[in-house]
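Trainee: Using the UniProt record's numbering, read the sequence shown as starting at 1 and increasing by one per residue.
Bear in mind the hints are in silico, worked out from the structure with no lab data behind them.
Just so you know, even glycine gets a beta-carbon here, dropped at the ideal spot from N, CA and C.
It is possible that some hints are incorrect.
Label-pair ranges, simulated between beta-carbon atoms [said to hold, decoys possible]:
hint	residue 1	residue 2	range
1	388	317	42 to 48 Å
2	204	292	45 to 51 Å
3	148	428	27 to 33 Å
4	526	455	42 to 48 Å
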Amino acid sequence: MVSHNFKACRLLPSAHTRTRLQTRLVAVQRACCESVITSLIQRSKVNTMLFPRASLNMAAEIWDVVVVGAGLSGLSAAHLLRKRNVGLKILILEGKDRVGGRTVSKEIPAAGGTDRWDFGGQWTGSTQTHILELIKELGLETYPQYNVGKKVYHAGGPGARIHTYTSRIPALSPLVLMDFLQMLWRIERLCATVCIEDPSTTPGADELDSMTFQSYIEKHVWTAALKEQLGISCRTLFGLEASQMSFLFLLVYVAAAGGLLPLLESSPGSAQELKVKGGTQQLSERLAERVEWQNIQLSSGVMTIWQDAEWARVSTKTNTYSCRAVIVTCPPHLAAKIEYQPALPSQRRFLMQNMPVGHMIKFLITYQTAFWKEKGFSGEIVAGLSSDSPFSVTFDATTPRGNAALVGFIAGHQASLWSSKESAERRKAVLSSLVKYLGPEAASFIHYEEKDWAEEDYSWGGPVNVMAPGLLTYYHPSLRKPFGRIHWGGTETATQWCGYMSGAVQAGQRAALEVLAELCPTALIQEDLEALKSGQVISSHAQHTQMSKLGHLSTASPTPTNH
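Taking the hints into account, I'd like the entire structure generated from these sequences.
Mentor: Spelled out as structure tokens, the structure:
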């Protein structure tokens, strides 16, 4: 009935009047539903597993949307929902004891007392429009990644020569440079044929998806030096080895970033071009203020999502929440831990179960002065597995306040190896390598801090999930396709800058538009409609068909389970 009234709203001449009426209709429907559920509770006819005694008040409250995850994607979704319809009741459930997801900023000792640095997602760039627009909207500022001076490159074994260079790519021999250029040409040419929205339609998709990135490297890269360099790049980007991901997945990832070089560099237009003053976690903290902290439940990991033709119910260990739509924005390997009733389609289940997450240990070292700058270095170091360095890369991390620091990453195979050792041993190895590359001054530090993302609750890995061979051609359609009342966000579902903060924002906004199209379509503006169309969002008719298939479950009761 309400849905028909929504359609009637479109006949009204005033957009303001439409919005007011639509908000009132949502409120009326919600009030009626709350009254019914409250009555059922009072009569003790509600399943006690669905509505535990400790949460009867919350169970009696009907939410329009429950968002799973208070990272950038989930909060961006909630923010857009509120912007389009302030009357929507939105609840955000987060397993961590903080907002921010894969972004976290922390104050540590520095030359000027203390300062704040990022220990998760850190960089953005001038082509990452979604995150830049959000940064501007929230009143934050960016500043450039320092990259002036000599860079260090060490691969080919512990005894190999340590190279320095000032160009965009490492100083390579003519043969290796030729190899790099032919490899770059091949990959860029293939990326131009990739369909990001539906990779299965890419020419030669079956063959490209049947091989790993490592298989492609072995077949098409001639020199050992370039093979090692590509391994370093893969480790740094994904926290995984080239043997663990589909080559077609790599092509999709590269295409979503606009090319291979933008992923690898810190120059203008690249992925490592800009940083956020004060840290990237501020984005989530300010979004939380916009959607109101009272609508965010921290330390509330979701265990079960149950739905029928009328409602969805989302259960944590202590509470169950009824709603009209759910947006799941946690990474695929975490979404796979949730129990879904009815079960997700087999394609979606298989997809989530076969998207391994990377392993990354991020460290930051503060110094009295940026001695590397004084010696003509940029602070950027690239080290291969064959060196005795535990890290893959480092960068200058000096803050806008002038507090000197270096940031680096122990990733992939190296992270697996070094995570079994004590922090003091890792610190000693890191400092030893820095002394070798930058000089004895590196040993005189103020503070060393690290974060192993595999040990972070409700992350258990990072920075991103990848796809194993065979997934993209057969299971990719389920990556963004809603299932009944459940919609999917998270940076892994993005079509622009997948795996990055900008991708997280884009994916959250796309999921929010899908929900708006179902709950209150008159709130959508022309820009939203175009975004929905370009994103190939499931149609209302197809969504209605899915709801009908769930109709026979309307009298069933979900049973929350532990994971």
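Trainee: Of all the hints numbered above, which does this structure not satisfy? Sort the numbers upward.
Mentor: none
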